[in-house]
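Heads up: the protein sequence lines correspond to chains A and B, in order. Sequential numbering of the first sequence, starting at 1, is according to the working numbering. Sequential numbering of the second sequence, starting at 1001, is according to the working numbering.
Some clues are possibly wrong.
Unchecked claim - Calculated pairs, DMTMM-like style, for lysine to aspartate or glutamate (alpha carbon to alpha carbon, straight line, at most 25 Å):
1. B/Lys1090 <-> A/Glu454
2. B/Lys1023 <-> A/Glu37
3. A/Lys70 <-> B/Glu1459
4. B/Lys1258 <-> B/Glu1458
5. A/Lys313 <-> A/Asp284
6. B/Lys1552 <-> B/Glu1570
7. A/Lys297 <-> A/Glu436
8. B/Lys1513 <-> B/Glu1369
9. A/Lys287 <-> B/Glu1630
10. A/Lys70 <-> A/Glu47
11. B/Lys1294 <-> B/Asp1366
12. B/Lys1454 <-> A/Glu34
13. A/Lys459 <-> B/Asp1180
14. B/Lys1090 <-> A/Glu452
15. B/Lys1454 <-> A/Glu436
16. B/Lys1454 <-> A/Asp50
17. A/Lys11 <-> B/Asp1450
18. A/Lys8 <-> A/Asp50
19. B/Lys1002 <-> B/Glu1279
20. B/Lys1080 <-> A/Glu135
21. B/Lys1455 <-> A/Glu436
22. B/Lys1455 <-> A/Glu34
23. A/Lys35 <-> B/Glu1027
24. A/Lys70 <-> B/Asp1491
Said to hold, decoys possible - Derived, one-sided and incomplete: chain A residues facing chain B with beta-carbon distance under 8 Å:
25. Lys70
26. Thr248
27. Ser249
To be verified - Some chain B residues close to chain A (C-beta under 10 Å, calculated; not the full set):
28. Arg1060
29. Arg1089
30. Ile1130
31. Ala1148
32. Ile1510
33. Arg1530
By construction, these hints were calculated from the structure, which means they are not laboratory data. Note that CB positions come from ideal geometry on N, CA and C, so glycine has one too.
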Amino acid sequence: MSTNESYKGYKGAALDTLKQFEALVWSDVVISTEKAEFTGIILPRSEAADPNHVVIKLRTGYNIGIEASKISNINIEGRKEAHYKIPEKAFPVDPKKPRVKLFGTGGTIASRLDYRTGAVIPAFSPGELYGSVPELADFCNLETEKLYGVFSENMGTEQWAGTANAIGAEIERGVKGIVIGHGTDTMHHTAAILSFMVQNSPVPIVMVGSQRSSDRPSSDAALNLMHSVKAAAESDIAEVTVCMFGPTSDSYGLLHQGTRVRKMHSSYRSTFRTIGDFPIAMVDRTKITPLRDDYRKRRTDKNVIINTAFEEKVAIVYYYPNMQPDIIDSLIDNGYKGIVIAGTGLGHVNKPLYPALKRAHEKGIHVYMTVQTLWGYVQMYVYDTGRDMMELGVIPSANMLPEVAYMKLCWALGQSNDPEIVRNIMLTPIANETTEREPSNGYLILQGGIPEVEEFISKYRK
Amino acid sequence: MKDFEFKPFEEMTPEDYATVGFKSGLEVHQQLLTEKKLFCHCPAGQYSDVYHAEILRHMRPTLSELGEYDGTALMEFKTKKDIIYRINRKNVCTYEMDDTPPFLINEQALDIAIEIGMMMDANIVDEMHIARKQYLDGSIPTGFQRTAIVSVGGSLPYKDRTINLIQMSIEEDSCREVSDIGHRRVYLADRLGMPLVETVTAPEMKTPVEVAEVCEIVRRVCRSTSHVRTGMGAGREDVNVSVDGGTRIEIKGVPKIKSIPLLTYNEAMRQWNLLKLREELKNRGITPETFEAKIDDVTRFVNKTHYKPVFDAIAEGKVVKCVTLKGFKDLLKWQTQTDTYFSREISDRVRVIACLTTQPNIIHSDSHEVTLSTSEGQKIRKFVGANTEDTLVIVWGSEMDATTAANEIVIRAKEATVGIPSETRQALWDGTNGFERILPGANRMYPDTDLPPKKITEERLARLTAALPEKYWIRENWYKELNVPVDLIKDLSTSIFGNIFKIAVSEMGISPKLASTVLIQFPKRLKKMRLNVDILTEDIFHNIFSAYKNNKLSKDGILYLLVRICKSGEYKEDYLSPLATEQDLKNKVKEKIFRFENKKLYNDDNKKVLMIGMVMRDLRGRINGKQVAEYINNNIN
Ligand SMILES: [Zn+2]
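With the rest of the complex left out, here is chain B (with noise of 0.2 Å):
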C-alpha cells in the first residue's frame, strides 16, 4: 500500500487523489414533471404532512430470481423493524400500499424518460422490461421498486473528455422517511410512486470537484428537456466512490450537487484508512483467520453504575454484554473520516441492525471518556479474561437488541481484517457518512410479472426525436456567439423558452439581449412580485415579439405588459395601448409644465428629471425612455 496521508479538504490536490487512486460514478435521481404518478392515477408532486390513515407492514426476504437470498435482504430482516406508512388519501391510494396491482405505464413519464435518454445520445431500448428491484427498508410498502431501463450507453462531454453513462432507467420514487427510532420506522407515502429517472454514469471523475460538475451536467440535461421537476428533492444523487484496494461505496441520497465534493473526499478517505487500518491488523498478526472475539454477559458488574444510560438501561431491565476484540488496544480510535474514528463505524452497525437507536449506543475501553469506572471496568476485564492489549467494546440492550448487537460487533470488526465491507452509506450534513446498510447485489432484480414487456416503437422514437431541444451546451456556444448577456446564458441554455428565443432571434429580428432578458430576466422580476409566471407561454412572447416589431409595443412596455398578463392570467391585445406619437408626448409635457409653475423646488435641477418620470409614467408602455428624456432634455430649461 502507498505511503500517503489524507491532508486537509483544500490541501488535497487532483494528484493526490490519483495517488490513492479515487474514482467515483453517480446515479443522478430526477423527478420527471406529470401530472400523474408512474404506475396509478395518483397525483404526482402534492406533498403534505397531513395523514389520514396508517398502515403497519413487515419486509420478508424472498428468494431472487438466480436462486439466493440477497445479502441486504437478510440484514434488514435481521432488525425486525415495524414499519409505519402514514397514507394521506389525496395522493395515495390502494396501489401504492400493495392492495392493488399496478396500472399500466404512465406514458407521459416514459416519453420524458425516452427524451432525456436522447439527449445523452443514449440507445433507447427496443422492448423495455419492469423489474421488481427488492428494498426491505420499507421505503417502498410492496417492498421493491418498479424500475425498467429506458436507454443503455450514451455519454456526456465534459472539459476535454466526455463521461460515458452506463444506463439510464425510469422508475417510482419511495417514501418519505419522518423517523426511525428503535424498532420502529416512519414513512409518509405522500411521494411514493412518482416518476423518476435514474442516470448511471460510468465510474470516471477522478476527484471530488469533478464529481460534482458532471453531477451538474447531468442535471442540466435534464432540465433543458423542461419537463422535469425542481426544487427541493427533485433532484438527488447517489454517489459511488472507490480507492485503489477499496470497494464500490453508494452514499445515497445526496440532496445538494455542492456538498458532493466533501463527503466523496471523505469517503476516499474513510476507504483508505481501513485500508491501513487492515494493514495495522496484519502487523499485529490479526487476519480473517486469526480474528478473536468472544462476547459475555456483563450486567451483574454494572448494575450498581454510575454511568448514566447504562444505569437506566438496567434500571429498565435490559442487560450488558462485553465483547472482547482480542489485540485491538487503540483501534477503535482509528481515524476514518474527518473528526470520525472506527468506533463509529461499529456504533453504526449497532444502530442500523439491532435497532439500538439511541446515542451513545456502545462505549469502548479505547476511548478516554468517563464512562463505567475504573473498578467496574477492571472486574469486567478480568471476569472476560482480557489483557491489556484487547479492546472492550460494551453493548446495552433488551436480551434480544443486545445479542444482535453484540454479534453485529464481531462482524464488522472481523471485516477490518478483510478490508471495506460493501455498504450503501448515508450522507451525513456535516459532510462525513454513515453506514445505511448492506450494498445489494444484482441478485436483488426480478421480473415484474405484473407487467408485460412494453415495445417502444419506431413512431414514438421519431415523435420525441422531432420535438428534441437542442443539446443545451450547443445552445451556449450560440448564445456566446450572439452576445447574448453572461448571466443569462446559463439559465436561457436549459430554459422551455430556448425555441422562441431562436424565432426571435433568427426569424423575427429581435436583439438577443433583449430577447434573453424579455425571456429569463423578466419572468424572474415578475417572479419576484410574487405573480404567478407559469402561464407565460411562447404564444405569448411570440405576440409580445412581434407587437414589438411591428410598433405596436415599446421597449420599456414589455414588462408592463408582461404584469398585466400575469396578473389577469390571459394575453388581450387590447392590452397593448397606441404607441405614443411626438404629439402625445408634446401634450403631455405641457401638462407637467402646467403642474410645476406654482411650485417651487429645493433644487431646480431635479426638475428635468421629475419630469421625465412623471411623463413616463403616464405614457408607459407606449414610448421608451430614452425618447421622453431627450425630448425633455431639448425642449424645456
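The shape of chain A in the complex, shown without the other chains (with noise of 0.2 Å):
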C-alpha cells in the first residue's frame, strides 16, 4: 500500500503523528492526549481539511478530530476496513417485461460516500439497482450501461454526442425506454441538446437524478428512478423528457418536454418546472396522467435521426444594464461564431451595445436573442429599441428559454455556418423549443401568502 492510500487525506502534523505512531488509517486505536484517552478508528481525512487533526470514529459512531500536537500516544490494537458495498442482487428477468436501458452519466441518482473529500460518488449496476431499489423489477427488465462517470457541470460536446449515439445504438437493439441517469445542475441542459440530436425517437427517452443523493433516507433517488423507469417502460410519450418531482412530497413526478425544462430552486426536489407551457404527463409508481395530447406517441419502427453537429464557440450573454460593449468585442476577438443574449423585458440591451453588435454581424457572428424573464415571448417590434437591433443582424428567438437557444445555436452552427440555413435551423421548431401559442396557464407562478394560494397549499401537500 502506498503511502498516500495508507495514511489517506493526511498531511502536516497529523501525517506526522500517524507515521510516528505507524498508525494507518482504519487502525482501531487508543489515543491518547495529556488530559483524555479516545477509542476507535482513524479515519480517513478529507482533502479540503486542514493538517492539524486526527479524525476518529468513537465506539458510539460519532466521528472527532484530535489535534495532532496533542497526542501523546497512539496503541494500535487491530484493523477495520469499511467495505463499502451496496448489496448486489441479480435483476430479476421477466420475459413479458419492457426491456428498459439506464444509461449513467455521474449525478447522484445511485451513490455512496468519499471518506477524504466528504464527496458522494455514483455507483451503480443492475444488480446494486435492485440491491437498494428492488421495485425497479415491477416494471421492466432493467440493463445499465455506465456512459460517463462526471458531474453534471462537467457534461460537454464529447458526452452529449456519445450519449445521443448510445441511444441510437439502444433504439437499433429494439429497446422499448431509456432511462438517463443525470446530475440535475445542467440536466435542462442536456435534455435541450439530446431533443436536437436525436429526433423521431420511437420510444421515450427520459433524463433523471435527485436532488438529495441517496445516501440519505429521504432521498428523492428511489422515487424518481421508479418513475422514470415507469414512464420510459409504460408511456406512449415518445420525447426526450426530464421526470423529477413534482411537489416537495414523496407524491408524483412530472414529465418536462426536454426543451421546455428548466431547475429553478437550487436545492428544492420539485425544482424542475415546465416554462411557458405546462408538463406532458404525471407519473406516479401506479399510473400514468398525461396532462397533454400533442406529444409525439411511441412507435414500433426504429428510424429514430441521431445528429450529433456541435458547434463549441457560443455563448450566452445575459445582460445587465451598463453592460460594456466590450464583452461582446472580446467574444468577437475570440473568434466566437454565435451569440445568444438573454436581454432584458422583451428582449433588449442598451444603446453603446450597438457598434459592438453591428460588428459582430458584420464578422458573420449569428446573434439571437432570448428573455432573462424566461416566461414569454421576444418582442422586437414595440420599441424602436428592438427594431433598431434587428437591423444590426440580431434574430429574434421566440419563446426559447436562454440555455436551449445556447443549445440549438451550438447544434445549429455545427451544421452550417450560413446565416440564411442556420435561421431557419433556428426558428423551426423541432421539439416544442419554440410555441406557436402559450396557454393561460403557462406561466404559473403562485405568490405565497396571498390568501387563495395559502387556502391552496393547505389543501394539496406541498
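The two chains are supplied separately, each in an independent frame; assemble them into the complex guided by the hints.
What follows is the structure in C-alpha cells.
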C-alpha cells in the first residue's frame, strides 16, 4: 500500500503524528492526549481539511478530530477497513416486461460516500440498483450502462454526442425505453441538446436525477428512478423528457419536455418546472396521467435520426444595465461564431452595445435574442430599440429559453455557417423549443402569502 | 440464573437490585436557550399546533458508512408508513423540510454546549465533526439528525462517589408526534431543528432512585448555566437499563424525572422475567434450534364469528392468520412487568411493525377472555394441527399487514428463546414501557457531507472559561455556610443571579438572607402577580442593592420598587422616593390620629394596628415597618 493510501488525506502535523506511531488509516486505536483517551478507528481525512487534526470514529459511531500536537501516544489494537458495498442482487428477468436501458452519466441517482473528500460518488449496476430499489423490477427488465462518471457541470460536447449515439444504438437494438441518469444542475442543458441530436425517437427517452443523494433516507432518488423507469417502460410519450418530483412530497413526478424544462431552485426537490407551457404528464408508481395530447407517440419502428453536430464557439450573454460593449468585442476577438443574448424585458440591450453588435454581424457572427424573464416571448417590434437591433442582425428567438437557444445554436452552427440555413434551423421548432402560443396556464408562479394561494397550499401537499 | 422474584416496587431494596445486577445509564436531553434553531435561522421555541401546509415523505434505509443496512432501518422500511409533516411558515423553513442544505452551526448554541461541557469537567473536542444519525421513524424529515460530539468524558459528584460521563453532543431536536394510526404517522415540525445537548452518563447507577437523582444533577448542571430552556418538554431523557444476563434497553423520551424510578424498576423486572421465560422454554426443550412455529390463513373458520373485532375485519375484506407456537402453552400470560404479560411484547410488535394499531390486535389461546367461540377455536386447532401444548395467536388485517404481523409474531416468539431483544422502548403513563423500535447500532452514524469539520479554538475556550458560573454544588455549600434560607438554596445555586448575589454579599455587605430573598423569592412573588420578571437584570439588582446600602431605599421598599420596575419595564432613579425622616413620620401619625378622632371602634385595641397599616401604606418604600410600629407603640396610647 502506498503512503498515500495508508494515510489517506493526511498531511502536515497530523501525517507526521500518524507516521510516528505507524497508525494507518482504519487502525483500531487508543489515542492518548494529556487529558484523555479516545478509543476508535482512525478515519481518512478530507483533503480540504486542515493538516492539524487526526479523525477517529469513536465506539459510539461519532467522529471527532483530535489535535495532532496534543497526541502523546497511539496504541494500535487492530484494523477495521470499511467495505462499502451496495448489496448486489441479480436483476430478475421477466419475459413479459419491456426492456429498458438505463444510461449513467454521473450524478447522484445511485451513490455512495467518499471519505476523503466527503463527496458523494456514483455507484450503479443493475444488481446494485435492484439491491437498493427492488421496485424497479415491477416495471421492466433493466439493463444499465455507465457512459460517463462526471458531475453534471462537467458534461460537454463529447458526452452529449456520445449519449446521443448510445441512444441511437439502443433504439436500433429494439429497446422499449431509455432512462438517462444525470446530475441535476445541467440536466436541462442535456435534455435540450438531446432533443435536437435525437429526433423522431420511437421510444421514450427520460432523464432523471436526484436532488437529495441516495445516501440519505429522505432521498428522492429511489422514487425518481421508479417514476422514470415506469415512464420509459410503459408510457407512450416518445419524447426527450425530464422526470423529477412534482411537489416536494413523495407523491408524483412530472414529465417535462426536454426543451421547455428548467431547474428553478438551488436545492428543492421539485426544482424542475416547465416554462411557458405545462408538463406532458404526471407519473406515480401506479399510473401515468398525460396532461397534454400533442406529444409524439410511441412507435414500433426504429426510424430515429441521430445528428450530433456541434459548434463549441457559442456563448450566452446575460445582459445587465451598464454592460460595456467590450464584453461583445472580446467574443468577436476570440473567434466566437454565435451569441445568444438573454435580454431584458421583451429582449433589449442598451445603445452603447450597438456598435459592438454591428461589428459582430459584419464578422458573420450569428446573434439571437432571448428573454431573461424566462417566461414570455421576445418581441422586438414594440420599441424602437428592438427594431434598431434587428437591423444590426440580432434575430429574435420567440419563447426559446436562453439555455435551449444556446444549445440549439451550437447544434445549428455545427451543421452550417450560412446565415439563412442557421436561421431556418433556429426558428423551425423541432421539439417545442418555440411554441406558437403560450397557454393561459403556461405562466403560473403562485405567490405565497396571498389568501387563495395559502388556501390551495393548505389543501394540497406541497 | 439466580432464584429471585421481583417484589412490589415499594418493597425492593438496594440489595435486591444488586442481586439482579441492575445497571442504568442516562442520556439527558436539554434544549438550549437560543434565539434561533441550530442549522437554520428559524426562531426557536415557538410552538403552535396551527399549520399551513402538509408534506408527505417516506423513509428508505440507506447504506451505513461501514457498509451494511442497520437493523432499525430495515424494520422501519417494513412498516411502510406515510409520514405527514405539518408545517407552520412562521417556525419552519425549507431547511427543516430537507429542501435546503444546512446553514452554518448556530454559534450561540455551540457556546452554550461548550459551557455545559465545561461545567461537567469534560474534555471539549478539538475539532467537531457533524454526523448524521439516522432516524427512519420520520421524526426528522431528512431521515437523520445532525449531531456532533462537543465533549468527551467528564464527571459529576454524587453522594460519596462520582458518576462518569461518556460524552455530550449538540444536536437538533425532532418533530412532535401528533398521531400514529395504521400506515399514517403525523408530525408537527415546530420543534424540529431546535438546539439541544445530550449528556450520556456511564451505566453506573445501581438502583432506580439513583437514576432519578443523577438525572436531577445533570439537569441542574445544565440549568446552572442559565442558558437552557425550562418548562414542558425542554428536558427529556432516555434511560438505559440492564440486569445481569440482560440486554441494554433504552427507554426513550421520559418527560419527568420523578417517573424514572418506576419505569426503570419495571424494565429491570421485564428483563429478569424474560430471562426466566427463556429458562422455562429451555426446560420445555424449546431453544433457538428446536423452536417451531407455523402460519395459516384461518379466515374461513371465523367468517361467522360473534367476536366483533374479527367480524368487522372480515366484513371489510380483511384476512385472519393463525400463528401456532409449538409448546408455548400458557407462556403468553407469563408476567413481564406490573400487570403486563408476554402477550404485550407480541402485540406491541404487531402494532409497530405491521401498523395494526387498533387494539386488541391479537388474541391468543392462553387467554381466558371471551373472544372466538369454543367451536371456532376447535376448528382452527384441528385445521392447523395444533395440540394442547401449543399456543395459537390470531391476528387480522389486510393480506399484507396480516402477513407481516404473523411473521413478526414468529420472530418475537423465537427471540424469547434467545433472551431480550435489543430494542428502544417507550415510557408509558403507568410506569411500564412498550416496544418502540429495534435498537439502532453505531452503524447508523454517517459523516455529514454538507458541513465541514469545525475547530473549537483556544480563544473560544478561554472566553467561555472566563464567564463560566461556579458549579452549583460549590455554590450550595457556600450558601449553606452563609445561612441562606434553606428553601432558597436550591434555586439560588442554579440561578442566573448567582453572580450578583456574590457581589451583594461579599462586596456590598448585604445580608445573605436579604440578598437571596430579593433575588429568588421576590421574582417568584412578582411572577404570581403576573408581572414580567424577565426584564430584571443583574444591573437592576445592583442598583437596588446599592440604593439600599446608601439608605435611599428601605428594606420593605424593595418589593414595591420591583413591582414598579416590572410594570413599567425599566428601572428609573426617580422611582426611589427619599427615605422618610423622623419628622415625616410624626406628621403622618398626627394626620392619622385626626382621622380617628370622630370614629368609634368596636375594639379599641385594634387602633394601633390599623394606624400602623395606614401609615405604612402612605410611606411605602420610604420607611421600615419596624420603625413605624415602634414609634406608634411608644407615642400613642
Ligand atoms: Zn428553518
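We went through each hint and held it up to the structure:
Between B/Lys1090 and A/Glu454 the alpha-carbon distance is near 13 Å, which keeps this suggested pair within the 25 Å criterion. Proximity of B/Lys1023 to A/Glu37 is assessed by CA-CA distance (about 24 Å); at most 25 Å being required, the pair is judged to hold. Distance restraint check for A/Lys70 and B/Glu1459: the Cα-Cα separation of roughly 17 Å lies within the 25 Å cut-off, and the hinted pair is therefore satisfied. For the hint linking B/Lys1258 to B/Glu1458, the alpha-carbon distance of about 39 Å lies beyond 25 Å, and the restraint is violated.
The suggested pairing of A/Lys313 with A/Asp284 is violated, with an alpha-carbon distance near 41 Å, which exceeds 25 Å. For the hint linking B/Lys1552 to B/Glu1570, the alpha-carbon distance of about 18 Å falls within 25 Å, and the restraint holds. Annotation: proposed proximity of A/Lys297 to A/Glu436 holds, straight-line Cα distance about 21 Å (limit 25 Å). Annotation: proposed proximity of B/Lys1513 to B/Glu1369 is violated, straight-line Cα distance about 64 Å (limit 25 Å).
Proposed proximity of A/Lys287 and B/Glu1630 is contradicted: the alpha carbons are some 93 Å apart, above 25 Å. For a cut-off of 25 Å, the pair hint linking A/Lys70 to A/Glu47 stands: about 21 Å separates their Cα positions. Annotation: proposed proximity of B/Lys1294 to B/Asp1366 holds, straight-line Cα distance about 17 Å (limit 25 Å). A C-alpha spacing of about 21 Å is found between B/Lys1454 and A/Glu34, which places the hinted pair at or below 25 Å, so the restraint holds.
Distance check on the hinted pair: A/Lys459 and B/Asp1180 sit about 21 Å apart at the alpha-carbon level, within 25 Å; holds. Taken as a hint, the B/Lys1090 and A/Glu452 pair is honoured in the structure, with Cα atoms around 18 Å apart against an allowance of 25 Å. A hinted pair counts as satisfied when its Cα atoms are at most 25 Å apart, and B/Lys1454 with A/Glu436 does not qualify at roughly 55 Å. Annotation: proposed proximity of B/Lys1454 to A/Asp50 holds, straight-line Cα distance about 10 Å (limit 25 Å).
The suggested pairing of A/Lys11 with B/Asp1450 holds, with an alpha-carbon distance near 23 Å, which does not exceed 25 Å. Restraint check: the Cα-Cα separation between A/Lys8 and A/Asp50 comes to about 13 Å, which is no more than 25 Å; the hinted pair holds. Taking the CA atoms of B/Lys1002 and B/Glu1279, the gap is about 11 Å. The hint holds against a cut of 25 Å. A C-alpha spacing of about 13 Å is found between B/Lys1080 and A/Glu135, which places the hinted pair at or below 25 Å, so the restraint holds.
Annotation: proposed proximity of B/Lys1455 to A/Glu436 is violated, straight-line Cα distance about 58 Å (limit 25 Å). For the hint pairing B/Lys1455 with A/Glu34, the CA-to-CA distance comes to about 19 Å; that is within 25 Å, so the pair holds. Our distance criterion of 25 Å between C-alpha atoms is met by A/Lys35 and B/Glu1027, whose separation comes to about 23 Å. A C-alpha spacing of about 39 Å is found between A/Lys70 and B/Asp1491, which places the hinted pair above 25 Å, so the restraint is violated.
Restraint check, A/Lys70 versus chain B: the minimum CB separation of about 7 Å is within 8 Å; hint holds. For the restraint placing A/Thr248 at the interface with chain B, the shortest Cβ-Cβ distance is roughly 6 Å, inside the 8 Å limit, so the hint holds. Because the beta carbon of A/Ser249 sits about 4 Å from the nearest beta carbon in chain B, less than 8 Å, this interface hint is met. Interface restraint check: B/Arg1060 against chain A, minimum CB-CB distance 6 Å, threshold 10 Å, status holds.
About 8 Å separates the beta-carbon of B/Arg1089 from the nearest beta-carbon of chain A, less than 10 Å, and the hint is met. Because the beta carbon of B/Ile1130 sits about 9 Å from the nearest beta carbon in chain A, less than 10 Å, this interface hint is met. Taking 10 Å as the C-beta cut-off, the interface hint given for B/Ala1148 holds, the closest approach to chain A being about 7 Å. Hint status for B/Ile1510 relative to chain A: violated, with the closest Cβ pair at about 40 Å, above 10 Å.
A least Cβ separation of about 35 Å between B/Arg1530 and chain A goes past the 10 Å threshold, and the interface hint is therefore violated.
Figure legend: structure checked against the earlier numbered hints; hints not met, in rising order: 4, 5, 8, 9, 15, 21, 24, 32 and 33.
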